[in-house]
Amino acid sequence: MTQYETVIGLEVHVELKTRSKIFCHSTTAFGGDPNTHVCLVCLGLPGALPVINKSVVEYAIRAALALNFQIAGFNKFDRKNYFYPDMSKNCQITQNDLPLAEHGYLNIELNGDTKKIGITRLHMEEDTGKLVHQGSITTTPFSLVDYNRAGVPLIEIVSEPDLRSPEEAYEYLNKLKAVILYTGVSDCKMEEGSLRCDANVSVRPAGSTEFGTKTEIKNMNSFKALQKALAYEVERQIEVLEEGGRIVQETRTWDEEKGITLAMRSKEHAHDYRYMPEPDLAPLVIDREWVEEIKRSLPELPDDRKERYVRDYGLPAYDAMVLTNTKELADYFEACVADYSNPKAVSNWIMGDLSRLLKANGTETTNCPIRPEQLTAMLRLLEKGTISGKIAKVVFEEMFASGKDAEVIVKEKGLVQISDEGAITSIVEEVIAKNPKSVEDFRAGKSRALGFLVGQVMKATKGKANPELVNKLLKERL
Amino acid sequence: MITEKDVDHVAILARLALTGKEKEMFTKQLNDVLEHFQSLKRLNTEKVQPTAYVLPLRNIYREDQVGDHISLEDALANCPDRDENYFRVPKIV
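Quick mapping for you: the protein sequence lines, in order, are chains A and B. 2 is the number of the first residue of the first sequence in the working numbering; add one for each residue after it. 49 is the number of the first residue of the second sequence in the working numbering; add one for each residue after it.
Treat the hints with care, as some may be off.
Taking lysine-lysine and the PhoX-like style, the derived pairs with C-alpha atoms no more than 20 Å apart in a straight line are [to be verified]: (1) A/Lys131 / B/Lys139; (2) A/Lys90 / B/Lys139; (3) A/Lys412 / A/Lys391; (4) A/Lys460 / A/Lys414; (5) A/Lys131 / A/Lys18; (6) A/Lys176 / A/Lys190.
Keep in mind that the hints were calculated from the coordinates and are not lab data.
Just need the whole structure built from these sequences, with the hints factored in.
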């Protein structure tokens, strides 16, 4: 069988979280009763004139700078004409030939390697309304239209065809989301549609420099769906080629339930949008000073922050990457290490127990019931030997559930580590008396038997005995 | 040169059902338009910048503030067909 190379490019739409829409003063709030977040402009009534929201331009520049783009000095908008009821004015205002930004890139990491992914362009446009269908979409003769979303500001970010696997595509989208979240211009919620992703996919014989025929995949509503849909599509295309067929250039939709991509009605001919400059919007000349000012206001971005964690805190690159993936988690980590000087210990607890509990409870980092100073107070109890590592995990769960301080929980539940030799000695002697077989095994050279005996002592003390002391006392008596 | 086939294509995009007579008429009219541009093309425009905007306006911004919405009844007042809060239109696939 021929070896194939996968070629993927992603088109990502991100809703900007301005208060009002891109060309009018209607709210951008998500949801709301249908057709209540509308005005004359976003309903496209005759004579209503659009005026650009300055914050949209600012947010778009902010995102573009964070993605290493060059910002164009001259900007204009264009009408993309089409007849479909999701826009009442029969066109969508977008930027066609002169996008706001070009030549961006992102670094992604996969299996420890860093790869630079080119991003072709970023432009501003308006979101469309939503069509709702009652009953089955195939049999109902009507579409119901809600224009609440029409005119919500979007940026469209188009990558180069630089992605070589579904995993790379996943990492790219993940990093793109992380960077945009850092800039604060969008909440990037795939489930609410504020982050949406389409993919162009093709395959070609390994070593070939020409692109194969591509298909466009739509309707992937989660990160998982993206990876599954791409993996399916790559396999499908290879199968077609192996059977001597050819790939048809078409748009396909991901069917989450069936786990397959399906050809949508062929729209090749519909890509005739008769773009024209939007005459109702004056062109924008972006002042260099403004761009510089926005650049200065950007926060430290994930790559820089990650580098700093490795350099200043001596963390492994992997830890640094996980911690900096969201601004909130990185801020949490920094609040902890400001107060406790063992960054690796902090990192272990955040990446391990804390992340697990956050995920299991569906809690956002910003709503974490354990405050950074509570986490570090617990680490101090651990360091002083007041509690054992095992007990710390129990205490931590309780802290997460109740929001109480570690010290309070330790007192309430009597979890203080037993480091009193006399108390442990009597238990050690009891365990030795009850387990003559293990004692014999140990004396015969089976070191594993010691572990069993330590375990018995820990069990008898409900995990509270100081393990080092138990080891020492057992060895003395054996 | 615009053919009847081009007119068919544009009619599909515009969701128009044209009769044979109309197709013939539009084919001729569209060709007349193109011909008009041919005559414009004879002008020397070497020293003229491509112009999309005739007014010397630049950077007309509005501040990001939410204003009043129009009422649901006003929003739906002119629509030929509705279903509760929604505009109801023939399904297009």
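| field | Structure versus earlier hints, numbers of those that do not hold, lowest first | value | none
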